[in-house]
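Trainee: So you can see what is in the structure, the chains are spelled out below.
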Amino acid sequence: MSSIASAENTMKTSSFSLRRTALMVYAAAFYAFLYVPILLLVALSFNDSQITGLPFKAFTLRWYVQVFNSTDMLLAIGSSVVLGILSAFIATTLALLLALGFRHEFPLKGLLMKIILMPVLIPGIVGGVIYLIFFGYGQIPFGLWTTALPVHITWVLPFAFLTLFPRMHGLDRSLEEAAADLGARPSTVFFRIILPIIKPGVVATTMFAFTLSFDEFIRTLFAIGSQRTVPVHLWSLLSDQMAPFLPAVGVIIMMISMIVSLIGFSLSARSNNSIGSY
Amino acid sequence: MTANGIEQKILIARRTVLKGAAAVAATAGFGTSARSQTSEVTALMVNAMVGPTLKPIVEEEAKIRLAEGAFMSGTDTVSRLTAPGGARYDLMNSSFAFSQPVVMGASSGQERVQAIDTSLIPNMKHINDPSKVAIGQRDGKVYMVPHSWGFDSILYNRAVIPDDDAYTQSWSLLFEDKYAGRIGWWDVAHQMLMAAGLYLGHAKPEQMDRNQLAEVTKFLISKKKNVRTFYSTFAQGSNLLSNGEIDVCYGIAPMRNELQKRGFNITGAWPKEGVLSLISTSYIPKDCKNVAGAHAAINAMLGELYSRAVADGSGYLPVTDFGLKDVTPEQRKRFGYGLFDGSVKHYPLAFPSNMNMWIEAWSKVKSSS
Numbered sequence: 001m002s003s004i005a006s007a008e009n010t011m012k013t014s015s016f017s018l019r020r021t022a023l024m025v026y027a028a029a030f031y032a033f034l035y036v037p038i039l040l041l042v043a044l045s046f047n048d049s050q051i052t053g054l055p056f057k058a059f060t061l062r063w064y065v066q067v068f069n070s071t072d073m074l075l076a077i078g079s080s081v082v083l084g085i086l087s088a089f090i091a092t093t094l095a096l097l098l099a100l101g102f103r104h105e106f107p108l109k110g111l112l113m114k115i116i117l118m119p120v121l122i123p124g125i126v127g128g129v130i131y132l133i134f135f136g137y138g139q140i141p142f143g144l145w146t147t148a149l150p151v152h153i154t155w156v157l158p159f160a161f162l163t164l165f166p167r168m169h170g171l172d173r174s175l176e177e178a179a180a181d182l183g184a185r186p187s188t189v190f191f192r193i194i195l196p197i198i199k200p201g202v203v204a205t206t207m208f209a210f211t212l213s214f215d216e217f218i219r220t221l222f223a224i225g226s227q228r229t230v231p232v233h234l235w236s237l238l239s240d241q242m243a244p245f246l247p248a249v250g251v252i253i254m255m256i257s258m259i260v261s262l263i264g265f266s267l268s269a270r271s272n273n274s275i276g277s278y
Numbered sequence: 279m280t281a282n283g284i285e286q287k288i289l290i291a292r293r294t295v296l297k298g299a300a301a302v303a304a305t306a307g308f309g310t311s312a313r314s315q316t317s318e319v320t321a322l323m324v325n326a327m328v329g330p331t332l333k334p335i336v337e338e339e340a341k342i343r344l345a346e347g348a349f350m351s352g353t354d355t356v357s358r359l360t361a362p363g364g365a366r367y368d369l370m371n372s373s374f375a376f377s378q379p380v381v382m383g384a385s386s387g388q389e390r391v392q393a394i395d396t397s398l399i400p401n402m403k404h405i406n407d408p409s410k411v412a413i414g415q416r417d418g419k420v421y422m423v424p425h426s427w428g429f430d431s432i433l434y435n436r437a438v439i440p441d442d443d444a445y446t447q448s449w450s451l452l453f454e455d456k457y458a459g460r461i462g463w464w465d466v467a468h469q470m471l472m473a474a475g476l477y478l479g480h481a482k483p484e485q486m487d488r489n490q491l492a493e494v495t496k497f498l499i500s501k502k503k504n505v506r507t508f509y510s511t512f513a514q515g516s517n518l519l520s521n522g523e524i525d526v527c528y529g530i531a532p533m534r535n536e537l538q539k540r541g542f543n544i545t546g547a548w549p550k551e552g553v554l555s556l557i558s559t560s561y562i563p564k565d566c567k568n569v570a571g572a573h574a575a576i577n578a579m580l581g582e583l584y585s586r587a588v589a590d591g592s593g594y595l596p597v598t599d600f601g602l603k604d605v606t607p608e609q610r611k612r613f614g615y616g617l618f619d620g621s622v623k624h625y626p627l628a629f630p631s632n633m634n635m636w637i638e639a640w641s642k643v644k645s646s647s
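These protein sequence lines are chains A and B, in that order.
Once you know that position 170 of the first sequence is 170 in the numbering used here, the rest is easy, because the numbers rise by one and skip nothing.
Once you know that position 278 of the second sequence is 556 in the numbering used here, the rest is easy, because the numbers rise by one and skip nothing.
Keep in mind the hints are simulated off the structure, nothing from the lab.
In this text the structure is predicted, and so the values were computed from the model without any measurement.
Across the chosen pairs, the derived CB separations fall in these ranges:
#, chain 1, residue 1, chain 2, residue 2, range
1, A, A32, B, A458, 30 to 36 angstroms
2, A, D48, B, S621, 37 to 43 angstroms
3, B, K642, A, A269, 52 to 58 angstroms
4, B, D354, A, R103, 42 to 48 angstroms
5, A, A32, B, R436, 36 to 42 angstroms
6, A, M258, B, N634, 44 to 50 angstroms
7, B, D354, A, I263, 33 to 39 angstroms
8, B, L583, A, I130, 39 to 45 angstroms
9, A, P55, B, R436, 18 to 24 angstroms
10, A, T71, B, L602, 32 to 38 angstroms
11, B, P607, A, T71, 34 to 40 angstroms
12, A, T71, B, V411, 34 to 40 angstroms
13, B, G541, A, F33, 30 to 36 angstroms
Ideal placement from N, C-alpha and C gives every residue a C-beta, glycine not left out.
Please build the complete structure, drawing on both the sequences and the hints.
Mentor: Below you can see the structure in the form of C-alpha cells.
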C-alpha cells in the first residue's frame, strides 16, 4: 500500500517538475523574444562597423558622437520631445473633459463616441492625405505648431479617451455626492475628490499619449512641411543613404521613452501613496 | 581607451549637450529671430541633392537658408503640387519625363508652376547640350530647369561577382538563375517593369500594351524564385548589399556612390540594353513665398562649385559644362559621364502610357507564390 502511495508521489513530483521546467522554458523564451532584440540594438549601437548588423567588430562611441553632432538630428529630437509633451498634455486634458462629460446621458452620445474614436480606425496614410487636403483648403501653413500639433492631438486624443473613460466610468459617484452634500462646489469636488483618485490614470495616460506622439510618422509626414520630427528625419535619411548610426538613434529614442515612463511610474506611485494615506 | 581619449569624448559630450540645448531652444521658437534675418527657401527634392557637401554651396552662393522637406518620391512631389491649397514649397524638384505632363499641364495656361525668370539664372547658359531636352518651356517661357542626371542600374558585390562575368553586361544579372537567392528587387512598379521590359527586348517599354505587359509580368513571376528579398528604402537595399545578405540588386546612383564611399566593394553594371536614365528638374510652384530665393537657389545649383561637387556628393551627374572640368578618366567611368558622349548606353525612364496597369502588374508579381 505504502509502495503504491510512494509511486503516486513520485509521479506527482515528476509531473510537477516537468510542468515547472516547461514553464521556465516558456518564460525564458518569452523574455528572450521580448528583450534580446533590444539588447542587440544596444550592442549594435556600439559596433564599429558600417553595416547595421553582426559580427561585432569593435567598441565605438562614434555613432553617438555623430548623432549628437548632427544639428538636424538634435533639432528633430527637440521637436519630437516638445511636440510630444504639448500634444500629450492637451490631448489628455481634452480626453479628461470628454470622459467627465460622457458620464452623463445626452442626445447622440453614441454617435459622438464613434466620431471621437474615428482617427483610430482611419489608416495612417489616408489620415495623412485628409490632413493635407484639410490644411490646404484652410490655407494653414505647414509647421510644427500650425499643423503637426493639431494632427498629433487628434491622433492621440481617442487613445487618451479610451484609457481615461473606463476609469471615470467606474468612479464611485457617492464620493462626489457626499462632498456635494457637505457643501463643496463642483470645482472643489473635481480638484479635491475626483482628480486625486484618478491622478495615477491621468499621469499614465499622459505618458502613453507622449509615446504615441513621439512615434507618430505617416500623418506627420504629410503635414509638417520642411520641419522634422525624429521619425520624419529618420525617413529622410533612410530614403537614399545607409544609416549605420541608426541603432544609436534607436537607443536614444528608447532612453527618452524609458525616462518618460519612469517619471510616469514615479508620479503614479506617489499619487497612489498619497491616496493610500488618506 | 586612453585618458586623453576619454577627456576628448567628455569634451565632445559637453559640446553636444550644449548644441542639444540650443536645438531644443530653437525648436521652442527662441531661434526664429536669428533665422528670419536670412532668406529661407523651402524645398522638396531628393535629399542626396542637398547632402552635407552640397547644401552649404547652395546656401552660400544663393545667400539663403535651404529648408528641405522630407522627400518621398516623384509621385508624392507632383501630388503635392496639385494638392488643394498649393504646393507650399518655394522650390520643387523631380524627374522631367515623369513630372512634365503634370507640372506644365496639357496646354498653355494649364501650368501648375510659375514661369521662371531666366534673367535671374545666368548659369543657364552653361547647361550642356544633352541636358537641354529637359528645359520645360512653352510659348517662350521656361517652367522647368534641369538640375542633374541620374541613372538606375544593377549594383553588385565584386567579391562574389567578377566584373568580367557575362551576366554583368546586361539586366540579366537581376533576373536570371545564376545568382538565385542572392538577388534583391526594389519594390517599385515603374522601374522594375521598365528594366524587365528592356531586358526582354521591348524597344519602348513605357508603351507596352496589355499583352506585352502580361508577358513581362509572367517573366518576373517566373524569376521571383531567384529573389531573396524586396527592399523599399535605399538604406535597406544598401544595408542588404553591404552585409552580404544579397549580392545583386536594382540600384540608383546615390546608393552606389554611398556604398563606395564607405569602402564597400560594390559597383554598378553598365547593361547593354542601357541604364535607366532621368534628368531631374527644378520648378517654382505658383504659391512660392520666396521667388527671388528660389531663383537664386536654382542658379547656385547650376553654378561651377555645385556642378563640380554634385557627382561626388550625391552620385548624380551635373547638367552643366562646369561638371566636366578636371574630371579624371577614372571619375568619368565611375560616375557614368559616358551618358553625355554616348559611350554609356542609356534609356530614359519615361512615364508609362498606363501607370495603373503597371501598378496592377507589379501587384500580381508581388502576390504570386
